[in-house]
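Position chains B and C against the provided structure of chain A, taking the given hints into account.
Residues per chain, in single letters:
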Amino acid sequence: MATHAATHDHHDEKPQGFLDRWLFTTNHKDIGTLYLVFSFTMVCIGAAMSGVIRAELMKPGLQLVQPYFFNEMTTMHALVMIFGAIMPAFVGLANWMVPLMIGAPDMALPRMNNWSFWILPFAFVLLLSTLFMPGGAPAGGWTMYPPLVLQGGNGIAFMIFAIHLMGISSIMGAINIIATILNMRAPGMDLLKMPVFVWSWLITAFLLIAVLPVLAGAVTMLLTDKYFGTSFFNAAGGGDPVMYQHIFWFFGHPEVYIMILPAFGIISEIVPTFARKPLFGYKAMVYALACIAFLSFIVWAHHMFTVGMPLGGELFFMYATMLIAVPTGVKVFNWLTTMWRGSLTFETPMLWAIAFVILFTIGGFSGVMTAVVPADFQYQDTYFVVAHFHYVLVTGALFSIIGAIYYWWPKWTGRMYNDKWGKIHFWWSVVFANVLFFPQHFLGLAGMPRRIPDYNVAFADFNFISSIGAFGMFFTPFMFFFILWHSKRHGAKADARAWDGARGLEWTVPSPAPYHTFSTPPLVDDSLLAHGDVSH
Amino acid sequence: MKFGGIWRKAGAWAAASALASGAAWANPQPWQLNLTSGVTDTSRQVYGLHMLAFWVCVGIGVVVFGAMIVAMVRFRKSKGAVAETWSHNTKLELVWTVIPVLILISLAWPATRTMIRMTDTSGADMTVKITAYQWKWRYDYVDYQGKPVNRVGFISKLDSENDRVRQLGSGLDPWSLKSADGFDDYLLNVDHPLVLPAGVKVRFVITADDVIHAWWVPQLGWKQDAIPGIVNSQWTQIDEPGIYRGQCAELCGQDHGFMPIVVKAVPKAEFEQWLTAQEAASAVDQAAHTAQTNVPTPAGRG
Amino acid sequence: MSPTPDSYDPQARRAGVRRTAWIAAAVAVALFVMIILKGVLG
Chain A
5 MATHAATHDH HDEKPQGFLD RWLFTTNHKD IGTLYLVFSF TMVCIGAAMS GVIRAELMKP
65 GLQLVQPYFF NEMTTMHALV MIFGAIMPAF VGLANWMVPL MIGAPDMALP RMNNWSFWIL
125 PFAFVLLLST LFMPGGAPAG GWTMYPPLVL QGGNGIAFMI FAIHLMGISS IMGAINIIAT
185 ILNMRAPGMD LLKMPVFVWS WLITAFLLIA VLPVLAGAVT MLLTDKYFGT SFFNAAGGGD
245 PVMYQHIFWF FGHPEVYIMI LPAFGIISEI VPTFARKPLF GYKAMVYALA CIAFLSFIVW
305 AHHMFTVGMP LGGELFFMYA TMLIAVPTGV KVFNWLTTMW RGSLTFETPM LWAIAFVILF
365 TIGGFSGVMT AVVPADFQYQ DTYFVVAHFH YVLVTGALFS IIGAIYYWWP KWTGRMYNDK
425 WGKIHFWWSV VFANVLFFPQ HFLGLAGMPR RIPDYNVAFA DFNFISSIGA FGMFFTPFMF
485 FFILWHSKRH GAKADARAWD GARGLEWTVP SPAPYHTFST PPLVDDSLLA HGDVSH
Chain B
35 MKFGGIWRKA GAWAAASALA SGAAWANPQP WQLNLTSGVT DTSRQVYGLH MLAFWVCVGI
95 GVVVFGAMIV AMVRFRKSKG AVAETWSHNT KLELVWTVIP VLILISLAWP ATRTMIRMTD
155 TSGADMTVKI TAYQWKWRYD YVDYQGKPVN RVGFISKLDS ENDRVRQLGS GLDPWSLKSA
215 DGFDDYLLNV DHPLVLPAGV KVRFVITADD VIHAWWVPQL GWKQDAIPGI VNSQWTQIDE
275 PGIYRGQCAE LCGQDHGFMP IVVKAVPKAE FEQWLTAQEA ASAVDQAAHT AQTNVPTPAG
335 RG
Chain C
18 MSPTPDSYDP QARRAGVRRT AWIAAAVAVA LFVMIILKGV LG
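Residue numbers (this note's numbering), protein chains in the order written: chain A, 5 to 540; chain B, 35 to 336; chain C, 18 to 59.
So that you can see chain A by itself, here it is in the shape it has in the complex:
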């Protein structure tokens, strides 16, 4: 803030000591890097857990782990991937790119930014330490439904505190992003001229502030139910276990969009760049984002179609859920139309973006199917749902993050990477992700429930195939790491405008981006924005 601007105006150099540079940093670029490194670590841990899951499921019969440990793995895999990998990765991208894209010198609240990040490692040490505790890690599923979750050992308390910390971290991050976007834009950067990525994060930040306190409230009530004798969710004490589910999913559904709206923003940056054509229907894209965010608050009970809601409730949530397909469809059609009559090239980021559009749409299709209540009475809690949300979160959110890193890496480091290896990484991931997740649709339809460590022999073949896909996917983080490490060491120098079709303020600063950018506000030239002419 005041002191920050004053002290750093004296020099443009990075702090020298390691601790000064990373632990005490208030620089949005360094904090963005920290978030991304943290997220990468968590991806590896979460992937190891999914490795245990898929190894046990490779063949019928229990070969490797006890059922209770299997449940610990499914629970922790989800918590680590959602709160440790996907969300921090998007926050990291926001930290790096939002100030650069709106022409701000830094985030609005740089010291709080430091705090938001440094809470996270502590939160995850708490969460992961439960694996080594007597009674084990939480095993009641990431949704933490009572009464089951309350049967766990004292690891539950650690999980709840970890979630509180993650929530505080995310809320502070969201406050920072909103304050930055609303107050720090360069003159001329009107709200409706902002890049779609910035818009997507503004809306995501509102969602975070609206729903994370709800999650915090829900887990606090779990905590008091377990340790302080309350009966919020305990039927025997006059509580209601279904109320927990309503509260949880009131958080949980917007949470799903928290993990996908920034992805929409990223794709809306990458596609116009490599189509060399303005983003089609910029305003429609922004309104669609807002519309999806609004609808996300009135569809939560579609996660609970089988809890026994009254008919009116089932129908309302079915109609509302189906409506989401409309703005989502608008986005897919607009990306497609952006490509139409463009001048396409297929560098690595573009490949990930195209795979996102196709595979996310497949996840959207199974989403529309699960919205149909009577059919959902069959799909609910089966592998069909597992396939659905992994298409949305892995080939959706994760692919967009990888695409974003490939897209902005030259800006961050000033170096290009080996495009051939980037493409090998891409094709390897696309093939194995589909081998991993597509057969799970069949398993669910044939009747295999989710979250089971063992299954009838009829499900053996597709489980075997799915496990092969998982083992293939397991190599991808290491491939990615090697490509980026090699680029950092030996990559060719990148231009300021690393991609010839790239538009937007971030490409007007040198590559690598200097430690301090836009200390004096840039001039915003409308014709250089990614979406072209916005006067209509």
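By construction, these hints were calculated from the structure, which means they are not laboratory data. There could be a bad hint or two in this list.
Below, in silico cross-link-like pairs of lysine-lysine (BS3-like), each with a Cα-Cα straight-line distance of 27 Å or less [stated by the list, open to error]: (1) B:K170 with B:K298; (2) B:K212 with A:K63; (3) B:K302 with B:K181; (4) C:K55 with A:K497; (5) A:K427 with A:K492; (6) B:K163 with B:K298; (7) B:K181 with B:K163; (8) B:K191 with B:K113; (9) A:K427 with B:K111; (10) B:K302 with B:K125; (11) B:K191 with B:K235; (12) B:K125 with A:K287; (13) B:K302 with B:K235; (14) A:K18 with A:K424; (15) B:K125 with A:K197; (16) B:K212 with B:K298; (17) A:K287 with A:K197; (18) B:K212 with B:K191; (19) B:K191 with B:K163; (20) A:K287 with A:K230; (21) A:K427 with B:K113; (22) B:K170 with B:K212; (23) A:K63 with B:K125; (24) A:K230 with B:K302; (25) B:K298 with B:K191; (26) B:K191 with B:K170; (27) A:K18 with A:K427; (28) B:K235 with B:K181; (29) B:K191 with A:K63; (30) B:K163 with B:K235; (31) A:K497 with B:K111; (32) B:K163 with B:K302; (33) B:K235 with B:K298; (34) A:K424 with B:K113; (35) B:K125 with A:K424.
Label pairs and their in silico Cβ distance ranges [stated by the list, open to error]: (36) B:V96 with A:A294: 28 to 36 Å; (37) A:G241 with B:V97: 50 to 58 Å; (38) C:R31 with A:A294: 25 to 33 Å.
Just so it is clear, CB atoms sit at the ideal spot from N, CA and C, and this is done for glycine as well.
Here is chains B and C on its own, set in the frame of chain A:
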């Protein structure tokens, strides 16, 4: 090791192709790709909705992905494509907002009709109470054709042979377990199946005693959560006698994967015989129990 | 907080940032309290 037996696979693929025609099986099949249409009117309607939604998605997918492929082939820079500069077209955007709405209405309409039908539990000839426990089911026959049933109820859990094979490191082959009709029933067999009459509308009242479970037999077309402190209702009317298998579908602790459901649907007359026999047996039990507890000597206790 | 940022005046910015941040934080705390109240009141 049995995995990968070529004949089994060949047979399975033949079966899988039969599936495209909507053939109904009582049990999951190797290489099964789709839902089956099940054995009740409800399950057939659910299957119809599922296929309708599926073909709608396929249709949209063909258009969208087709257009993407065309774009990727035709508008490559390497082929000399020059980018246009237009960036919006209100008419077009209106079209692809309105058309999806119409498609969704055409999906929602039949779904609503089916849903209304599914929630109507009135006019049932029989009531069964299902209570879920970690990790077994209890079935109590409440009434049949308007008359209360006298104390017929039992626990249904994974049968002991299955329970031996499924232990970690048992070294026993999951393929070694076969039901009477030759189905590989690993993890899908119980000691006491739920016996139901075919052709009779049965109402279920479903609850749980400890944590949340879900009662699911795919052939009946639905699953329903079993929640402590809450009683849910559902109904079914099974067309054909047969054995229909399912499992608990809501994570309920370490043995969640090991609490199967087996429904044995029998002709009405056979069911009535069975029910009478059960009532008689429970009356005898009851008498014995009363007699036993009235004996003052501890030697009388087993 | 205007849709068109007209000034680059650091003073005005700081006031805007503070206002935005406090409002957002207050909303978050209020929601947390409301959810607990919802639990208490059923």
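To see whether the hints hold, each was checked on the structure:
1. Distance hint between K170 (chain B) and K298 (chain B) is fulfilled; the C-alpha atoms sit about 17 Å from each other, no more than 27 Å.
2. Of the supplied pair hints, the one linking K212 (chain B) and K63 (chain A) holds, its CA atoms being roughly 18 Å apart against a limit of 27 Å.
3. At most 27 Å may separate the alpha-carbon atoms for a hinted pair to count; K302 (chain B) and K181 (chain B) meet this at roughly 16 Å.
4. A hinted pair counts as satisfied when its Cα atoms are at most 27 Å apart, and K55 (chain C) with K497 (chain A) does not qualify at roughly 57 Å.
5. This hinted pair checks out: K427 (chain A) and K492 (chain A) have alpha carbons roughly 18 Å apart, not beyond 27 Å.
6. With a CA separation close to 16 Å, the supplied pair K163 (chain B) and K298 (chain B) stays within the 27 Å bound.
7. Proposed proximity of K181 (chain B) and K163 (chain B) is supported: the alpha carbons are some 15 Å apart, at most 27 Å.
8. Restraint check for K191 (chain B) and K113 (chain B): not satisfied, since their Cα atoms lie roughly 66 Å apart, outside the 27 Å limit.
9. Note on K427 (chain A) and K111 (chain B): the hinted pairing holds, with a Cα-Cα distance of about 18 Å set against a maximum of 27 Å.
10. Using a Cα cut-off of 27 Å, the hinted pair K302 (chain B) and K125 (chain B) is violated, with the two alpha carbons roughly 62 Å apart.
11. Between the alpha carbons of K191 (chain B) and K235 (chain B) the distance comes to roughly 25 Å, so the proposed pair stays at or under 27 Å and holds.
12. Among the hinted pairs, K125 (chain B) with K287 (chain A) is consistent with the structure: their alpha-carbon atoms are about 14 Å apart, no more than 27 Å.
13. At roughly 11 Å between alpha-carbon atoms, K302 (chain B) and K235 (chain B) fall within 27 Å of each other, so this suggested pair holds.
14. With a C-alpha separation of about 33 Å, the suggested pair K18 (chain A) and K424 (chain A) falls outside the 27 Å cut-off, and the hint is violated.
15. Pair hint K125 (chain B) plus K197 (chain A) holds up; C-alpha atoms about 22 Å apart against a cutoff of 27 Å.
16. Note on K212 (chain B) and K298 (chain B): the hinted pairing holds, with a Cα-Cα distance of about 16 Å set against a maximum of 27 Å.
17. A distance of roughly 9 Å separates the Cα atoms of K287 (chain A) and K197 (chain A); the hinted pair therefore holds under the 27 Å criterion.
18. Straight-line distance between C-alpha atoms of K212 (chain B) and K191 (chain B) comes to about 17 Å, which keeps the hinted pair within the 27 Å bound.
19. At roughly 16 Å between alpha-carbon atoms, K191 (chain B) and K163 (chain B) fall within 27 Å of each other, so this suggested pair holds.
20. For the suggested pair K287 (chain A) and K230 (chain A), the alpha carbons sit about 48 Å apart, so the restraint of at most 27 Å is broken.
21. Only pairs whose Cα atoms come within 27 Å are accepted, and K427 (chain A) paired with K113 (chain B) is accepted, the gap being roughly 20 Å.
22. Pair hint K170 (chain B) plus K212 (chain B) holds up; C-alpha atoms about 21 Å apart against a cutoff of 27 Å.
23. Restraint check: the Cα-Cα separation between K63 (chain A) and K125 (chain B) comes to about 54 Å, which exceeds 27 Å; the hinted pair is violated.
24. Using a Cα cut-off of 27 Å, the hinted pair K230 (chain A) and K302 (chain B) is violated, with the two alpha carbons roughly 48 Å apart.
25. With a C-alpha separation of about 14 Å, the suggested pair K298 (chain B) and K191 (chain B) falls inside the 27 Å cut-off, and the hint holds.
26. Of the pairs offered as hints, the one joining K191 (chain B) and K170 (chain B) holds, with about 5 Å between alpha carbons and a cut-off of 27 Å not exceeded.
27. With a CA separation close to 34 Å, the supplied pair K18 (chain A) and K427 (chain A) exceeds the 27 Å bound.
28. Simply put, K235 (chain B) and K181 (chain B) have alpha-carbon atoms about 15 Å apart, close enough for the 27 Å limit, and the pair holds.
29. Simply put, K191 (chain B) and K63 (chain A) have alpha-carbon atoms about 23 Å apart, close enough for the 27 Å limit, and the pair holds.
30. For the hint pairing K163 (chain B) with K235 (chain B), the CA-to-CA distance comes to about 14 Å; that is within 27 Å, so the pair holds.
31. For the proposed pair K497 (chain A) and K111 (chain B), the alpha carbon gap of about 24 Å is at most 27 Å, so the pair holds.
32. Restraint check: the Cα-Cα separation between K163 (chain B) and K302 (chain B) comes to about 19 Å, which is no more than 27 Å; the hinted pair holds.
33. A hinted pair counts as satisfied when its Cα atoms are at most 27 Å apart, and K235 (chain B) with K298 (chain B) qualifies at roughly 15 Å.
34. Taking the CA atoms of K424 (chain A) and K113 (chain B), the gap is near 21 Å; set against the 27 Å cutoff, the hint holds.
35. With a C-alpha separation of about 41 Å, the suggested pair K125 (chain B) and K424 (chain A) falls outside the 27 Å cut-off, and the hint is violated.
36. For the pair V96 (chain B) and A294 (chain A), the supplied restraint of 28 to 36 Å holds, since their beta-carbon distance comes to about 30 Å.
37. With their beta carbons about 54 Å apart, G241 (chain A) and V97 (chain B) fall inside the hinted range of 50 to 58 Å.
38. For R31 (chain C) and A294 (chain A), the hinted distance range of 25 to 33 Å is satisfied, since their beta carbons lie about 28 Å from each other.
In this structure, the hints that do not hold are numbers 4, 8, 10, 14, 20, 23, 24, 27, 35, in rising order.
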